[in-house]
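*Asks:* So you can see what is in the structure, the chains are spelled out below.
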Amino acid sequence: MFGPLLDALIFFVLTTPLVGLMGQRVGREKIVVGAYVTFAFIFSLTLIPLFYSEVLRKNGISILYGSSFSPEIVCLEANALSIFMAVIFLVIGAMASLFSIREVKRGSITGYYTILIGMVTAMIGIVFSGDLFTLFIFWEVMCISSYALVAFRKERWESIEASYKYLIMSSAGSITVLFALSFLYGLTGTLNISYLSLGLAEAQRNSLSYMALVMIIVGFGLQAGMVPFHTWLPDAHMAAPSPISAVLSGIMVKAGIYGLIKVLLIIFTPMYWSWQITLAAFAVLTMFVGNLSALLQDDIKRLLAYSTIANTGYILLGLAIGSHRALTGSLFHVLNHAIVKALLFLSAGAFIHKTKTRSLKELAGIRHSMPITSTLFIIGTLSLTSIPPLNIFWSELLIIAAGLEAGTSLLSLLMIINLVFSAAYCLRLIQTVAVKKETTISKKAEEASMLMLIPILTLGFLSILIGLYPSPFQTLAEAAAQATRPG
Amino acid sequence: MACSVILFFIGLYCLIVKRNMVRLLMALEIMMNAVNLNFIALSSYGAEGAVHPLAHVFTILSIGIGGCIIALGLVIVLYAYRHYGTLDVRELRRLKG
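Those protein sequence lines, which keep their order, are chains C and E.
Once you know that position 479 of the first sequence is 479 in the numbering used here, the rest is easy, because the numbers rise by one and skip nothing.
Once you know that position 96 of the second sequence is 96 in the numbering used here, the rest is easy, because the numbers rise by one and skip nothing.
Calculated directly from the structure, the hints in this document are not laboratory data.
Watch out, some of these pointers could steer you wrong.
[Unchecked claim] Okay, derived cross-link-like pairs now, DSBU-like style, lysine-lysine, Cα gap no bigger than 30 angstroms in a straight line:
| id | chain 1 | residue 1 | chain 2 | residue 2 |
| --- | --- | --- | --- | --- |
| 1 | C | 361 | C | 443 |
| 2 | C | 154 | C | 30 |
| 3 | C | 443 | C | 105 |
| 4 | C | 444 | C | 361 |
| 5 | E | 18 | C | 154 |
| 6 | E | 18 | C | 165 |
Model, not experiment: these values are computed from the prediction.
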């Protein structure tokens with residue numbers, strides 16, 4: 001109905017509770033549901049190459065549902081950008097679901113997995129939607145699932161508090177987006193993305209379209225963790241179960257960035273000069289606040305969450321520079337940051353699972369008792385510091401080089417200053433994990449189980465692989481960046 | 001349209017000023033209604049007096065989504081009440097840093 005990928009995923013969402021029920025009968029609910037959902041993600045990943053060849057055959061856009069020939073018809077379509085994002089979502093989703101088998105408690109596991117796969121499905125829907133209202137519906141499905149997942153450990157006060165904060169802020173943001181959509185609809189009579197850009201080019205000097213632009217930046221930026229709308233992010237990442245933090249930080253924030261790319265670069269292209277400065281200012285603010293707050297943290301997950309905010313700043317900076325190379329850098333950074341941040345959150349989750357503490361003081365010297373996890377954690381941290389043979393280095397280099405090329409060397413300079421800040425807290429993390437003396441708590445920890453190690457090892461391997469052979473992945477990012485330029 | 005903009009800002013004001021958890025959810029609902037009203041108002045621009053069916057579709061779907069948000073919000077408020085024993089958002093300040 002909606003093309004093979006979404007159909008398969010929706011089928012898996014609907015059947016997960018049934019599989020859970022069967023697993024309960026057998027008495028091994030956890031393993032059965034976890035394996036089923038991981039299988040679902042991997043199966044969907046195998047559908048992607050098929051899909052990609054079809055997109056290439058049809059000149060870059062393949063219509064999945066409805067048609068884009070009439071402005072009033074809802075449609076789903078796929079291009080290189082959406083497939084690029086979908087691959088990231090599915091890989092991180094698979095890793096998180098594999099990791100969750102050990103992390104989540106027995107009683108509520110079926111509900112947990114159903115919401116998790118529903119959330120990833122909604123994100124795939126976001127990247128495939130060809131009109132803004134479909135995008136909004138999938139957006140809300142994603143948001144509602146993530147509120148539920150943040151509040152998942154409902155017996156703990158911090159989950160409830162974080163989830164309430166997140167719910168109020170994020171729904172206010174998405175309602176703001178919807179309000180902007182209603183203005184766009186009033187201006188052009190359609191919400192189909194290709195028609196909107198045509199319609200807006202005609203109605204350019206209308207103050208309503210500027211209002212809509214501001215509201216959309218605020219609404220999507222809120223989800224992407226843009227300062228000053230970032231306050232939900234550290235709380236939600238801290239209070240959620242660790243695999244969910246990996247999903248939130250690795251891919252849900254990226255869905256917000258996808259929304260910004262779609263709206264700013266495709267619909268508001270004629271008004272480029274009016275949003276570039278604003279977005280650059282927000283990006284610089286986001287980098288500084290994220291990095292400086294991360295320096296002060298003692299909670300390991302909170303520190304990583306602030307570093308997510310800083311990385312959002314880098315990606316937004318690439319968008320604001322706006323040249324083809326900068327956009328390639330941004331999308332490449334989306335991929336790299338998703339992998340590294342998922343790696344870091346999952347290995348931090350393994351530490352937390354074994355020691356029951358999130359404080360860096362108590363986790364000191366954990367290398368001696370959990371060597372493999374710590375090694376991979378250190379690889380992830382080094383990558384976050386942008387040490388050359390690891391993946392994040394390449395994308396950050398691209399963004400900085402693009403800034404110099406486009407004549408905005410001030411932005412590149414500010415980003416380099418921020419990289420120094422981020423190196424400071426990353427080195428502190430490494431020192432804590434590897435150099436400091438063991439505490440009583442970290443002495444008692446033991447190596448994580450196999451099911452936790454597999455996703456961590458896979459992500460670490462991907463990080464090194466992309467670092468050593470960046471060019472094929474960069475070509476993919478370039479194709480995705482090309483897809484945002486109509487004509 | 002003017003009406004819906006005013007309604008939206010009433011909702012936003014409410015969201016900023018009010019201290020009761022349930023009232024914050026009500027503020028969200030007011031904003032949602034402003035959006036729905038705006039869709040209907042703007043869709044009759046093209047042809048006088050007639051509302052385009054597309055706007056009806058948008059409105060009905062967004063009412064449904066609003067219902068979902070409020071339902072989940074009330075569940076979370078219920079749990080928060082059990083943890084804190086109050087509906088005052090000023091009490092929810094333990095997360096810091």
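*Asks:* For each hint, tell me whether it holds in the structure or not.
*Replies:* Structure-based check of each hint:
1. The hinted pair formed by residue 361 of chain C and residue 443 of chain C meets the criterion: a straight-line CA distance of about 13 angstroms does not exceed 30 angstroms.
2. Annotation: proposed proximity of residue 154 of chain C to residue 30 of chain C holds, straight-line Cα distance about 19 angstroms (limit 30 angstroms).
3. Pair hint residue 443 of chain C plus residue 105 of chain C holds up; C-alpha atoms about 25 angstroms apart against a cutoff of 30 angstroms.
4. A C-alpha spacing of about 15 angstroms is found between residue 444 of chain C and residue 361 of chain C, which places the hinted pair at or below 30 angstroms, so the restraint holds.
5. Between residue 18 of chain E and residue 154 of chain C the CA atoms are separated by roughly 25 angstroms; this keeps the pair inside 30 angstroms, and the hint holds.
6. For the proposed pair residue 18 of chain E and residue 165 of chain C, the alpha carbon gap of about 14 angstroms is at most 30 angstroms, so the pair holds.
Hint compliance for this structure: no hint is broken.
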